[in-house]
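The hints should help you fit chain B onto chain A, whose structure is shown.
Residue numbers (this note's numbering), protein chains in the order written: chain A, 41 to 365; chain B, 4 to 315.
It should be emphasised that the hints constitute simulated quantities derived from the structure, not laboratory data. This structure is a prediction, so every number in the text was calculated from the model and none was measured. There could be a bad hint or two in this list.
Ranges between beta-carbon positions, derived for each pair [what the hints assert, rightly or not]: (1) A:Ala110 <-> B:Ser86: 13 to 21 Å; (2) B:Arg87 <-> A:Gly324: 48 to 56 Å; (3) A:Ala102 <-> B:Thr193: 42 to 50 Å.
Cβ-to-Cβ under 7 Å is the rule here; a few derived chain B residues that face chain A [said to hold, decoys possible]: (4) Pro51; (5) Asp52; (6) Ala55; (7) Thr56; (8) Ala78; (9) Ala82; (10) Trp83; (11) Asp158; (12) Ile159; (13) Pro179; (14) Gly180; (15) Leu181; (16) Arg201.
Don't be surprised by glycine CBs; every beta carbon is placed ideally from N, CA and C.
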Amino acid sequence: MRRTVAVAALGATSLAALAGCTPAVPEVATAAEPAETAAVVETQVDRIVPATFEELAAADEALDASLLDARVTGTAKAVRRAQYTQADAGVNNAVEEIPSTLQATYVSAATGWPRIMAGVTEAPEDATPVVALWVQEDVESDYQMVEWAHMIPGATLPAMPGVATGATQLPLDTDTLPISPEDAIADYVTLLQKGAKNDLNDQFAPDSYRERLFAARKVLTQTAKKGDGTYVDTVQPRMDDAYAFETADGGALVFAPLRITSSLAVKGGATVSVPKRARALADGNLDDKVSLHYRDFVVIHIPADAEEQPAVVAADHHLIRLDAK
Amino acid sequence: MTLRTTALIAGALGLLLLIGGLIADAMRPESFGTPHASLESSAVIVGPDLVATAPGGTITVEGEGELAAHLGRAADVEAWAASRDASVVTGIPTWEELTVEPFEAPAAADADADASPSASGSASPSASASPSASPSASPDASASAEPSAEAAVADIWRETSTGEGTIELEADTLTPGLTLAVESVDGALTDVEIRIDRVVNDGWVAPLKWWGAVLAVFGLVALISLLVDMRGARSKVEHSVAERRGGSPARPGGRRERREAQTATGGIPVVEQDAVADDIEAEAPGFEPVAEEPAQEEPAPGDDDEEGRDRA
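In isolation and in its complexed conformation, chain A is listed as follows:
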């Protein structure tokens, strides 16, 4: 009995000694801030971009827009559908080439949604590089390419925060800029609507996009007059789908999708004639009136310096539908 007690006492003593040897539970440490704070970093971009262009390539090969689902949607899908229709109708070079290699990627630092990501591709053959826009609508969604536009010849994109940190997504009504993105879009839309003689023409740096739009309008207006008809361009901003990145120097890069409808009507028994590329999208036989529906995408650089003019650095005029009636 005594021996048992002694052994137990010895064991208890040892345990007590060992209990004293066990260190205290560590306090919860404070982790270092992540080195990469952007919403998506290089590894994620390397998943998103190839997946996008794989899906696009598959659809291009089949000329089937229904294959554009997970990574290409919105206006990009609508434009591609129209191009596939044109290609089916025998229009040469109907499907625009969008290189799958990006020479620059601009990512968001946002913690909320929707988030955007922009990429500048390599220059396709005989064309300027393409600026593509991806949007992630919510946490469960994938980044989807919704818009693209070729760069304006001679334009230069501003320096942007790197992929590691990401760029701040600016609200369209921010007052940190010489002109808010919302106002810049509205003014540019007004300029497109009113024409080159409007006072706003001097507010923006010259760009080939609006020059071509105005030139086409002039030709079509004259054509309509010959048929005692009319030609009207209706330009509307899609503010709900517009976004802005803050540039490295405190300016902004604004992504502004537009809706443009060009209506041509003639009288006196004349018939409207449109190029083969547009006719392929007609929903009926052409008569004396057509409405061409465009989904344009304009990228505007608002410099931080108020002395510098906002400039359109990328823009495309995409026909998606033709109403013959």
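Frame of chain A, contents of chain B only:
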């Protein structure tokens, strides 16, 4: 106190130390702790601070079916968990348990809140446009219908890994500052465990054993020495007992005297030398006459008087 006694005490003490050291060695705490908690949710979140608390350790999550572990920004993980039955590991109260609480989404994230005017200083090189005369595009001839193997990974995750039933992640391989989210794709999670290395102050156990062993050896040597001395003492005791028995002399010619004589000669009969000495010499030349008296142990000092009394 003699040296032997001191060694015996040291030996006993050493034995105690040795036993204590062996017990301590057997019950020594592990060099790491594995606090864990049971889960009943389909997802669990381990924040970057907890991950940083276990350098060199591991995070193990068990559950049903296929498990997926994701690393992402804290804000993204919170938004992701808001629509799920998720738990969050909040602390390590003891070396045996983790505190886990149901995840509660913070105040709704406001996208406008991200629109802070501050600009990051780091900038990537600007992309400059290559002037081109024609914006026309040529059809892309290359096409691949292969679906992306990584398409299943949500875009919010920096890294994703999967496992069946159990998923174990080394804390050192997780990007610092990111939040870990583990979900069961088609079931529920059952347990989360964080293995944390710790330094046990057990440097005294080995010296305790060695010193105990050394002292026990000393004690053993002393004990052996003691046993050897006891044999000598026993011999002395037997000798003295034999002497005490010799205090009452046997009666001459009696049975006791003859028995003692036989005992002293190993049982060989003894005859008186005077009576037969000549006959023996005649019949067995060379035969050595036996001692006249039975061999007796050397008388102890003081016995002379008693012997003298016997003779008288």
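Hint-by-hint comparison with the structure:
1. A:Ala110 <-> B:Ser86: 13 to 21 Å: 20 Å, holds
2. B:Arg87 <-> A:Gly324: 48 to 56 Å: Roughly 50 Å apart at Cβ, these two residues keep to the hinted range, so it holds.
3. A:Ala102 <-> B:Thr193: 42 to 50 Å: At 46 Å between Cβs, range holds.
4. Pro51: 4 Å, holds
5. Asp52: It holds, given that the least Cβ distance between Asp52 (chain B) and chain A is near 5 Å, below 7 Å.
6. Ala55: 4 Å, holds
7. Thr56: 5 Å, holds
8. Ala78: Status holds, d = 4 Å.
9. Ala82: Ala82 (chain B) check passes; min Cβ-Cβ to chain A is 4 Å, inside 7 Å.
10. Trp83: 5 Å, holds
11. Asp158: The hint holds - Asp158 (chain B) has a Cβ within 7 Å of chain A, the shortest such distance being about 5 Å.
12. Ile159: Constraint on Ile159 (chain B) satisfied, holds at 6 Å.
13. Pro179: 5 Å, holds
14. Gly180: 3 Å, holds
15. Leu181: Status holds, d = 6 Å.
16. Arg201: 5 Å, holds
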